[in-house]
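S.K.: We have chain A already, so just place chain B on it with the hints.
Number of protein chains: 2
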Amino acid sequence: MSESSQLEDKMSNVQLDGTEPAPTVDGEDDVVDPWNVTSKSMTGVDYDKLIKKFGSSKIDDELIARFEKVTNKKVHHLLRRGIFFSHRDMHSILNLYEQGKPFFLYTGRGPSSDSMHLGHLIPFMFTKWLQDVFDVPLVIQLTDDEKSLWKNIKPEEAKKLAYENAKAIIACGFKQDSTFIFSDIDFMNPSFYLNILKIQKLVNGTTVKAIFGLKDFDSVGKFSFPAIQAAPSFSSTFPLIFNKNHKVPCLIPCAIDQDPYFRLTRDVAPKLGYVKPALIHSTFFPALQGANTKMSASDLNSAIFLTDTPKQVKNKVNKHAYSGGQATVEEHRELGGNCDVDIAYQYLTFFLEDDDKLEQIRKNYTSGALLTGELKKILIDTITPIVTQHQEAMKGVTEEVLAQYMTPRKLKFDF
Amino acid sequence: MSESSQLEDKMSNVQLDGTEPAPTVDGEDDVVDPWNVTSKSMTGVDYDKLIKKFGSSKIDDELIARFEKVTNKKVHHLLRRGIFFSHRDMHSILNLYEQGKPFFLYTGRGPSSDSMHLGHLIPFMFTKWLQDVFDVPLVIQLTDDEKSLWKNIKPEEAKKLAYENAKAIIACGFKQDSTFIFSDIDFMNPSFYLNILKIQKLVNGTTVKAIFGLKDFDSVGKFSFPAIQAAPSFSSTFPLIFNKNHKVPCLIPCAIDQDPYFRLTRDVAPKLGYVKPALIHSTFFPALQGANTKMSASDLNSAIFLTDTPKQVKNKVNKHAYSGGQATVEEHRELGGNCDVDIAYQYLTFFLEDDDKLEQIRKNYTSGALLTGELKKILIDTITPIVTQHQEAMKGVTEEVLAQYMTPRKLKFDF
Chain A
1 MSESSQLEDK
11 MSNVQLDGTE
21 PAPTVDGEDD
31 VVDPWNVTSK
41 SMTGVDYDKL
51 IKKFGSSKID
61 DELIARFEKV
71 TNKKVHHLLR
81 RGIFFSHRDM
91 HSILNLYEQG
101 KPFFLYTGRG
111 PSSDSMHLGH
121 LIPFMFTKWL
131 QDVFDVPLVI
141 QLTDDEKSLW
151 KNIKPEEAKK
161 LAYENAKAII
171 ACGFKQDSTF
181 IFSDIDFMNP
191 SFYLNILKIQ
201 KLVNGTTVKA
211 IFGLKDFDSV
221 GKFSFPAIQA
231 APSFSSTFPL
241 IFNKNHKVPC
251 LIPCAIDQDP
261 YFRLTRDVAP
271 KLGYVKPALI
281 HSTFFPALQG
291 ANTKMSASDL
301 NSAIFLTDTP
311 KQVKNKVNKH
321 AYSGGQATVE
331 EHRELGGNCD
341 VDIAYQYLTF
351 FLEDDDKLEQ
361 IRKNYTSGAL
371 LTGELKKILI
381 DTITPIVTQH
391 QEAMKGVTEE
401 VLAQYMTPRK
411 LKFDF
Chain B
1 MSESSQLEDK
11 MSNVQLDGTE
21 PAPTVDGEDD
31 VVDPWNVTSK
41 SMTGVDYDKL
51 IKKFGSSKID
61 DELIARFEKV
71 TNKKVHHLLR
81 RGIFFSHRDM
91 HSILNLYEQG
101 KPFFLYTGRG
111 PSSDSMHLGH
121 LIPFMFTKWL
131 QDVFDVPLVI
141 QLTDDEKSLW
151 KNIKPEEAKK
161 LAYENAKAII
171 ACGFKQDSTF
181 IFSDIDFMNP
191 SFYLNILKIQ
201 KLVNGTTVKA
211 IFGLKDFDSV
221 GKFSFPAIQA
231 APSFSSTFPL
241 IFNKNHKVPC
251 LIPCAIDQDP
261 YFRLTRDVAP
271 KLGYVKPALI
281 HSTFFPALQG
291 ANTKMSASDL
301 NSAIFLTDTP
311 KQVKNKVNKH
321 AYSGGQATVE
331 EHRELGGNCD
341 VDIAYQYLTF
351 FLEDDDKLEQ
361 IRKNYTSGAL
371 LTGELKKILI
381 DTITPIVTQH
391 QEAMKGVTEE
401 VLAQYMTPRK
411 LKFDF
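Going line by line, the protein sequences match chains A and B. Note that full-length UniProt numbering gives residue 214 to position 214 of the first sequence, counting from 1, and the numbers run on in steps of one. Note that full-length UniProt numbering gives residue 2 to position 2 of the second sequence, counting from 1, and the numbers run on in steps of one.
The list treats identical chains as one, so a pair stands whether inside a single copy or across any two.
Here are the simulated SDA-like cross-link-like pairs (lysine to any residue), alpha carbons at most 20 angstroms apart as the crow flies:
| id | residue 1 | residue 2 |
| --- | --- | --- |
| 1 | K160 | S191 |
| 2 | K244 | E157 |
| 3 | K74 | D354 |
| 4 | K58 | R80 |
| 5 | K154 | G273 |
| 6 | K311 | G373 |
Quick caveat, the hints were computed from the structure, so don't treat them as lab data.
Bound conformation, chain A alone (with noise of 0.2 angstroms):
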């Protein structure tokens, strides 16, 4: 699974694979796929658009007063947010809850790089907050394998990420007792492998050269990877978990660049007897330069990682956050600023709780009486603290917490 906002490492990708992006959903000029998500917008991509490409469903008012009503909270504020703005058949998935009947959830990560940024916490807080409202297994597929066939890195060494990228996904705060992460490489497994070679045998050339551009100078892993990112979404991959149960439905928190997998996961479903999973989709996280431009691993100003230091986090964001602010103080009081382009904003809404809060200073920096500096400052004081945190959360997972989350093992649910 790619995470969505490391959006130039999945370039370079490309471009060491000699790949020409596909330009699978262009509203005007954006491209969203697996591997390459652009836009020329200063507001980043065009999310109505893609749903209808897409063909998801956007998350309303009404799906939300459902989702409050059937699990009595308070949605999650990246759900009220429209961060998470698309789905598909979450309905079904609160009509189970409703009734008491099982799902599980899964997501997961491309393990690109060995420190994970501000972007990557998104998918994993609100499947957190998910696993919490529902109290239901979780699965977290690291896809080190994929790692390996889109970049030039050797599969030992795209394990070794998926590892260390597996510590700071448990620094999330996921319950052990509910929550199995594992590398494809090292969870290789016969169960795994029937439903993989189930789903190859239904998915032919063709259908992925459409759905992830594929050529034939493309490595034939990459032909049949989609399987491997398809599979554990029926809960027939996991046997120690679901014991013989093969229908248990599966909620797929994700952004929305990996929906063509689960597409192509959807539709082999009914062909194997197996459920559909649900989906909920986030939008992407932009880059700290802007949200027509991509976060880098290698660009270490272009994203906030959570291995910064308070004062890196501060620096970053007063030098890189792009603004929406205006050239001097005097036009900026008079003219006001920007929130739909403020990246210090943008990032605002994705980790400051507090609605009364963020719609105050969205009316302040509009209307100029919040200065670029003081929005920045706020910045600055609402991640520091969910960084240091993370890196405290971090001390705690040991190698033996690790292996107590990547051994597979029955849960604390009965199936």
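M.R.: Frame of chain A, contents of chain B only:
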């Protein structure tokens, strides 16, 4: 691994799947690849042309002499008679043996019906002899995944066939302490997958299309399968057997139609820091109706099955074995028979060990001194004990014995 002899099955695979045969090799009318072996000639495929096309080496008198010198044993009649006729790097293997250095044997079978026939025995008879002579580890791959991909059968069904076939293979007399037999589906594990992934990364769509005749409408499982047949050539696939010794050389006895898989394997081996596997290739076992026809599990009269009764063996040979004799006894006495097309004689070259006796039969049949009925009786008397002894041996292959051979484990060798 497809067995060479179940040709009709292969042809029907191809039809079921809609794949057009890829004429990778044609010696005028011959087609030889892992799914197609056809010849319009009554004497079957032109093997000298095949050696030239495939770029392998002919097994000549010098190699056979060296084989006997190094092993201090008379070579197997399948080798003496040119049934194992082609090789790659066989001299390197003899060097290793001479120097007391380790290597291992790898062969396999695509389990396509629950009843094996005489032709299926050939590679295993020869491999058993190699095991006896060299006293090295042997791994036997049952490609249930391949069979599921190419045939219209479920993986679970193909797996069952693999286990049934394993019993018949064990009944050939392989040493339990030196032999590991595995189903791809059930053996799949991180070490195996790591090599598969490494190979899949190095092989692209263009290559598998060229070598195996795949088209875009073929399943992606077919695109990636060659890596699964390649991986057991490398000792790192079997850490329980070879410990951390990743460079134990491999010798693969197989029918020549499997060579495309191993040309690909030999191509990737140095890029992975592994040793190229050596190969020793057999010709094809002819159908009862003649070398230009096909054996088929669905046509019970095209082959002698290991489950046939002595009466069935007798009837099949008498009724269906294509004769190189003349229309009447008088004509036969006068003109003599043609051993090159006579199936009874051809089968004797596979199963009658005594060279002098075989040569006498050839002379007598060619001269007309030996009649077709007499020749057929010799064949019946030769193969009936082989079939019944195999049936006896099968009785000893209980589920417990099967499990012993198929449990991943250390063999008697230290690495």
